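Given only the sequences and the hints, what does the whole structure look like? Please build it.
What follows is each chain in one-letter form.
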Amino acid sequence: MRPVVLRTAARVVLPLLLVFSLFLFVRGHNSPGGGFIGGLTAALAFCLHLVAHDPAATRRVLRLPPRIFAGGGLALAGLSGMGGLLQGQPFMTAAWSQTTVPGLGKLAIGTPLIFDLGVYFVVFGVSLGIVLTLAED
Amino acid sequence: MLVAILSAFAAAALAPMLHRLLGRWTGWILALLPAALCAQFLARLPAISAGGVDLQAWPWLPDLGISLALRLDGLALIFALLISGIGALVLVYTGGYLKGDPRLGRAYGLLLAFLGSMLGLVCADDLITLLVFWELTGVWSYFLIGFDSGRPAARAAALQALLVTGIGGLALLAGALLLGDAGGTWRISELAARGELLKAHPHYRAILLLVLAGAFTKSAQVPFHFWLPGAMEAPAPVSAYLHSATMVKAGVYLLARLHPALGATPEWHALITLAGATTMLAGVILALGQQDLKKVLAYTTVSGLGTLVLLLGLGTRLAMKAGAVFLLVHALYKSALFMTGGTIDHETGTRDLDRLSGLRRAMPRTSLALALSALSMAGMPPLLGFLSKELLYEAKLQAPGVAPVVTPMGILTNVLLVTIAAVLVARVVLGHGGRGEHRPHEAPPALWLAPLLPALAGLLIGGFPDRLVGPLIESAVAAVGAEPVEVTLKLWHGFNLVLVLSILTVMGGLVGYRFYPRLRALVRRIDLGARLGPARIYERALAGMLALAGAQTRLLQHGYLRRYILVLVVTAAGLGWMALAVGKVPVKVPPAWDLRVHEACLAVAIGAGALAAVRARSRLAVIACLGVVGYGVALVFILFGAPDLAMTQFLVETLTVIVLVLVFYSLPRFASLSSAATRARDALVALAAGGLMTALVLAVGQTRPASTALTDFYARSSLPEGLGRNVVNVILVDFRALDTLGEITVLTIAALGVFALLKRPGRRRSAS
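Protein chains in written order, with our numbering: chain A, -16 to 120; chain B, 36 to 803.
It cannot be assumed that every hint is accurate.
Covered stretches of chain B (chain A as the covering partner; in silico rule of three or more C-beta atoms under 8 Å from a C-beta of chain A) [as the list claims (entries may be wrong)]:
| hint | segment |
| --- | --- |
| 1 | 750 to 764 |
| 2 | 771 to 781 |
Some chain B residues flagged as far from chain A (calculated, every beta-carbon gap over 10 Å) [claimed, not checked]:
| hint | residue |
| --- | --- |
| 3 | Ala45 |
| 4 | Ser84 |
| 5 | Phe178 |
| 6 | Ala248 |
| 7 | Pro301 |
| 8 | Gln325 |
| 9 | Lys330 |
| 10 | Gly384 |
| 11 | Ser392 |
| 12 | Arg575 |
| 13 | Thr606 |
| 14 | Val620 |
| 15 | Ala635 |
Honestly, the hints are just simulated from the structure, not real lab data.
Just so you know, these numbers come straight off a predicted model, no measurement behind them.
Using N, Cα and C, we set each Cβ at its ideal position, and we do this for glycine too.
This is how it looks when you write it as structure tokens:
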């Protein structure tokens, strides 16, 4: 039986860490952070859950197998480069759309963001997948 | 033409699905496509025999002058008609032959994909396009020979065919590159017009030898002939289609296609005539020694390919005409023979010539197809084979210089072909009673109609040769000879020397049939090829290569992690020190030590952590010490302005600790196993590697980069073009996103490897 304090703490900290990882991911374009760091943070959040519970419980919380996250992230990153191709530009040409959101200021969303999200999921899926597989062994 | 090729590939992709939907009629329905293609090609005949050509070209790699160029002329047309026409029959036949087999849909798909590739090969007007289709036919052939992938013999035969034709394909690639370079164009039609230039080029001999290597391996010429009989592991329709009627003739096609560009030189005549004549005679002699009906047919196919190559080597107009007619008749009778052979095997359960007899009562229609095609092979009037044989004799008699040699060889070949045909007709069809495994009965329509049609076509064309195929032959000869030629085809040439030779051939063949058992035993005794021939060399070479690969793998991939690490570190450190020494890079300690107190503390902490890790007595202590080193390095990153790197380092350190703790459970007890000497060696290696890194850092501090243009560019354009102030991240996800994509792909593949290794079946059992 794992310590109650750890389990309770993990329950509270897991969502906080996930939000933090998203924060790191989103701010990455202007300040330190990004998909790689965000993905690692998210993976570590689930590692904490794993230490507090057991691999089966972590997999249940995760809902999808980690390899789906990794493969899906890779597909997302690859697809994000296709936009340029359709317009006759080289593969991976970035496309941006800038909008002004009331109350937040100017917001720029572009294909590099989608690409970075792909990196986020690949790093998350790969590192968590390896840890989970080791933990089950 | 492109539509024709693409439609075949599309049908190939849909075939397995169609097969599930349509069931037993799939073969008949799929055959409609090649039949329609055949009709469409036939409709082009009047225009093409009038001297026209169809041209289609799309730029492919315009910077290199490579295009997807297709060109339909007389030569391409005769091949396209055979490919699509026989393809339709083979699809119908396959439906009957593999009825009820769960892999039938796959067979349809592979055959259609092959059909598309073969059409592309004969229509290509660009050397690179031709090579792509050439290799594709080899790939489909590999899958089709190894169709029965459960049997090791089928897999070995498929690999053999792939390796032999693949090595030839590589030679052809080199030859094509030289040829395109020498001619200054990739277009085959333009190369044909520059024949004089090419033949005078210093690379001419190299080009010729490389192209011949490609053509001879594909068309199974001695000494590369052995893969073709081996390929008889394939199902009967595959043998009928790929290994008699179409693919093996690709080499012949290539020689004919390049004849205007490279032909009619002494080297061309000598090499091709020699290979063709040898193959022609060797093939038929080896066929005589076989007992398996399919092997007999395979070796006569080798002989037929030799005849075609020989005719191209002779190079006279008469030889080209004889070649075009022989190409047609051989495709017709040989596909029919292979299909009837398959039908007989299917219905009687044996292909042993000594057990097959008197099938005319049980299988009248199959027997009719077998007899008609065998007689065409023997060159009996009034079949097309007779006409073809007359032309062959005429071409050989009039061959300049070599007539006294090739004519007797040709006559002997035909005498033995008559003997083999006599065995097929007199024994298998007529004979007295069969001794097959079970009582044979007539096959379903798909299995007798498909071979009967080409057999009847041989009879029909033999009756009216000039009217039915005259224009086709004429335009094919014109395309090869590059000048128009008057071709008249007649069954009856009058009473002349050729007819006398024909009569002698038949008589000789019948005498041969009289002594057939003795001849077969004789051939088997003198068949040194089975012991010393190229097939043995192939086996030795393959075994040797595997042994070499095994030995070097055991040497390099020994499986000891400590040795891998040792080799890696020693190599890297050694090369690094060598580069520093050879390049005379200045390594100097900076005179002024601008060291703050907290930086010095950090350095001491990292050093102490490393030392403690080496001397630690438990695993947990090692991990803790390494953690100190890792976090210390991350702090260094923060102090010197690399926050992204520092964050990554912190996270990876943490993750490493978790992974190491998890791995603990599977590791043996912590113990000090190394001797003092080993430890001293390891310390030396570690010092060399660490020292190198120190030297590198000092050297980098001394020398300014030659240009800071790249750094400036990233710093300047990160915000305006990448819309981000974090230059590192903008480089990662925008400027160099392709690199990142490559890295995350590698990461995913590595993770798949880890999953597979950790989850491999049986691991848990062996561990416990």
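When the hints from earlier in the document are held up against this structure, which numbers fail? Structure breaks no hint.
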